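*Asks:* Chain by chain, the residues run as shown.
8 protein chains.
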Amino acid sequence: MTLSIYLSGEIHTDWREQIISGAKGLDVVFSAPVTDHAASDDCGVAILGAEEQKFWHDHKGAKLNAIRTRKGIAEADVVVVRFGDKYKQWNAAFDAGYAAALGKSIIVLNPPEHQHALKEVHAAALATAEEPRQVVEILRYVLTGALPG
Amino acid sequence: MTLSIYLSGEIHTDWREQIISGAKGLDVVFSAPVTDHAASDDCGVAILGAEEQKFWHDHKGAKLNAIRTRKGIAEADVVVVRFGDKYKQWNAAFDAGYAAALGKSIIVLNPPEHQHALKEVHAAALATAEEPRQVVEILRYVLTGALPG
Amino acid sequence: MTLSIYLSGEIHTDWREQIISGAKGLDVVFSAPVTDHAASDDCGVAILGAEEQKFWHDHKGAKLNAIRTRKGIAEADVVVVRFGDKYKQWNAAFDAGYAAALGKSIIVLNPPEHQHALKEVHAAALATAEEPRQVVEILRYVLTGALPG
Amino acid sequence: MTLSIYLSGEIHTDWREQIISGAKGLDVVFSAPVTDHAASDDCGVAILGAEEQKFWHDHKGAKLNAIRTRKGIAEADVVVVRFGDKYKQWNAAFDAGYAAALGKSIIVLNPPEHQHALKEVHAAALATAEEPRQVVEILRYVLTGALPG
Amino acid sequence: MTLSIYLSGEIHTDWREQIISGAKGLDVVFSAPVTDHAASDDCGVAILGAEEQKFWHDHKGAKLNAIRTRKGIAEADVVVVRFGDKYKQWNAAFDAGYAAALGKSIIVLNPPEHQHALKEVHAAALATAEEPRQVVEILRYVLTGALPG
Amino acid sequence: MTLSIYLSGEIHTDWREQIISGAKGLDVVFSAPVTDHAASDDCGVAILGAEEQKFWHDHKGAKLNAIRTRKGIAEADVVVVRFGDKYKQWNAAFDAGYAAALGKSIIVLNPPEHQHALKEVHAAALATAEEPRQVVEILRYVLTGALPG
Amino acid sequence: MTLSIYLSGEIHTDWREQIISGAKGLDVVFSAPVTDHAASDDCGVAILGAEEQKFWHDHKGAKLNAIRTRKGIAEADVVVVRFGDKYKQWNAAFDAGYAAALGKSIIVLNPPEHQHALKEVHAAALATAEEPRQVVEILRYVLTGALPG
Amino acid sequence: MTLSIYLSGEIHTDWREQIISGAKGLDVVFSAPVTDHAASDDCGVAILGAEEQKFWHDHKGAKLNAIRTRKGIAEADVVVVRFGDKYKQWNAAFDAGYAAALGKSIIVLNPPEHQHALKEVHAAALATAEEPRQVVEILRYVLTGALPG
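Chains as they are written, first to last, in our numbering: chain H, 1 to 149; chain V, 1 to 149; chain S, 1 to 149; chain A, 1 to 149; chain Y, 1 to 149; chain G, 1 to 149; chain E, 1 to 149; chain X, 1 to 149.
Just the calculated beta-carbon pair ranges, DEER-fashion:
1) V:T13 x H:D36: 36 to 42 Å
2) X:R133 x V:P112: 31 to 37 Å
3) E:Y87 x G:Y87: 53 to 59 Å
4) E:E131 x X:S21: 38 to 44 Å
5) A:H37 x S:L102: 25 to 31 Å
Every beta carbon over 10 Å from chain X, so not counted as near; a handful from chain E, in silico:
6) V34
7) T35
8) H57
Honestly, the hints are just simulated from the structure, not real lab data.
Keep in mind it's a predicted model, so treat the numbers as computed, not measured.
Beta carbons: idealized from backbone N, C-alpha and C, even for Gly.
Using the sequences and the hints given, assemble the complete structure.
*Replies:* What follows is the structure, given as structure tokens:
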């Protein structure tokens, strides 16, 4: 059994790297959005031409990014959604809702202070974790039956 | 043609009332979450028994609210998602993602300062409005072909 | 918003009547399996001819009952699954799994002593109740926002 | 043609091993739940933190197990559901219902004394067997056309 | 609960009328193909222009009939497929396969001499009857729980 | 049986009116896009604000129109797609493809000179007509079995 | 592009072998039912135990065969359905209907004398051929663009 | 992540070759219709026999081509639809609509003079490009995060 994992959300800390390196040796395949913030913001105009309006500048970029996001979520067995300390992170919650409607298994990764604000997202998740290490432990358990320690 | 509309998101201003009263006479049916904030937070424990942990207190409530939300979105032709000035509003973005994956027509209603943070949600929407009046005008146009003015 | 409710499971106590009478005045439509135990067991051979083997006697009946069960669950927004004190009740758990795969909102109704044995079913449910009264309270809250008391 | 088989249900006898070893040489891929009873019960709290309430202890574990179960059933062509002599086994019946709603081919494996209690599950199955050997013979016939003996 | 029934197959005896009149008073809605044999054969060329080749003459007609058949089966809860004594009746078996793939409840109605030739169709059905009266009894039981006699 | 019909395509002749008035007395419900050309082109900027770029002017309008088109096609049993003499009419062909992927019954209405260019669309249709009168005759036949003349 | 082909229908002539050998070198994968007539008829009782009634003897076998048929059709891009000179062949027409409802590309292979009786099946097909050679030519064209001769 | 791309539309310039050669080294798989115009027009009669009527000549061919087109679009993550300078190109718009209904990511490639006529197609697309080079840049960005220049 190979698990396909999409790592959605925050792009300013190394949580993806922690999970990917922690999961070494497990039968997993990871995908994720483009995590270069500047490229992600500007891809639309860089390829398809400049826009004067910020709305359309962002719109063109967000749609290109959607090609990758849709594909990643559609092929995932598990979608891990990370909420960090900064920004609105509505794209992370959007991905969680999208994944929920497709019946994907969802793991939410967030600091405890976001608990109340995330209750609707947690209600659709199969696990709520605080540390990337716990996500690795879940993947290891699901694939091998082995518990930590 | 009857349009079924789900009004998702912010519950602290009267935007739903503005849309509902503005749409009087149109062939529309509205649904929405429970908008009594306290009831929405406490419904789980009020009905199914108290919890010591805040997480489970919230969890039980969020799941009861999901019965209504899922039904409302599943039956909607159009999902209007309102982002206001306060709170994290991850539930609104979650609903938008859920609606997008089901192929619903999405209208986003937000103040201009949220434009950049909402670009992924806007990319999945068929309209981005700033005023409830515009949502009414969209519904009127879609149903009757009449433009404002 | 009309909620369509399928009442699955135990047929030897009056829990269905309690819920139906408690929900009077709410915008709900109920459906349920045939609850006449003898008719439910013998319908196949009574209509389609006797069988010597108990297996085929049961098989013919179970398939006729499936016409009603499938229809009831397919049209339901909410499936309430009741586990009582007697019998194996595998049909109730089967209905719960069937409803879960269709994305229905599930409410489980069971005495506390079955908690551990039902954990997989609870994991797929949006609420776990012990009393029919609580199911009524959930329906009232979901439809009207009103909490008990 | 490769058949993917999910082996659901009883975890206290060696029926899975009998089927897997009997099917050697056939073009089959097997998957199954975690069959270490203690790990399966405690995985949630071991990874995500202890709970005081038994309900939530079980809930966290059942949800982690659901990541594996859902994936296994979703990818299966055939779901074999084994009912043994002990326990309530509602999770097995739940899996059968879940598989039925997804249109999977179901083989039920049970001792004859459970026949009547399983009639609804049998009505959704393509085969009812009593011995693991018969499941192997079915897989061999389906893949190669060869009958036993 | 209203059952929607599509009556597929043989058009040369009054089996449909027997079922419809027998079901009087039940909460059922019936649909069926056009049963005027000549109109059914010639509708394509009568409306869309003559064809020299018999193949295209038939093709145009069969496609118009498909508009009605698809709609009838898609909206049905139960598809009754009648095999009579004459003709190849491949359209009846085709409808049965189409209904099976959509997960419809299927009742097959055939004389006993066709039993062996229909075994694959029977394997996908929830009931096999020989008399229209039995179909009525099934519908009555499914809707009301009442058995004949 | 009520047939729901979406009338897609050309908006410069009275073909819709001919079909609707010809179908008087039949159990049909019609829907269609907004057929006021100017309103259809300008609805986006009229409601949501002006755009300097023609592309975004059109984009905003086309997306509002999509709310109505999607709803109309999704609820239709039959989609009639009319190709006239003028314009590129790519929206008509787009609607035909959209309807085909959803499994809708498609009737194409076009002058004979477009035959070759429409062959891929015809290949997905159940009827190809040249006159609105023929569409009415198809609807009458499908609903009542009556042929013209 | 690899095409997956299911070869349904007649099992008494070598049409499958003709297609498979003719398609050598093309990027195709074939599947088919068990074509050993005796094994196909008796597989149920040979594995799961004898039945006194012919109906249940056949029923057990037809259900085992359905495991293979469902898998073959579900994974096919193209379903070739062959009607021969003998037998009722309702299973072939059933497979065609099943494939049509799943949106598979269907090729019908039949002698010209069956044309009228097969018109409903032809109406759902993308090609009607008389010779296995033509099926090979279709596969070659679809995969490589090369025409015969 | 491997992206599967279907290249739909115009067959008279080398835009497909430009994209395929530009994408060398990327993890992509391309498919496309048969681009030999004469073969594409005549395949039906060449394989299945001549027709006197142009309509049926074209019909038989268009249906064979549909086997390839359906497969290509169904397996694609991204559908690129190219509109050129000549012909009606309704098949390209049809493919775009078909892809949209399946939820595929769509990139439209057209000269600026077609902008207004394509607004409904653009409204369903995630990108609108004028040059094949831009399509390559999108694929590179989606797969690797690298922007041009």
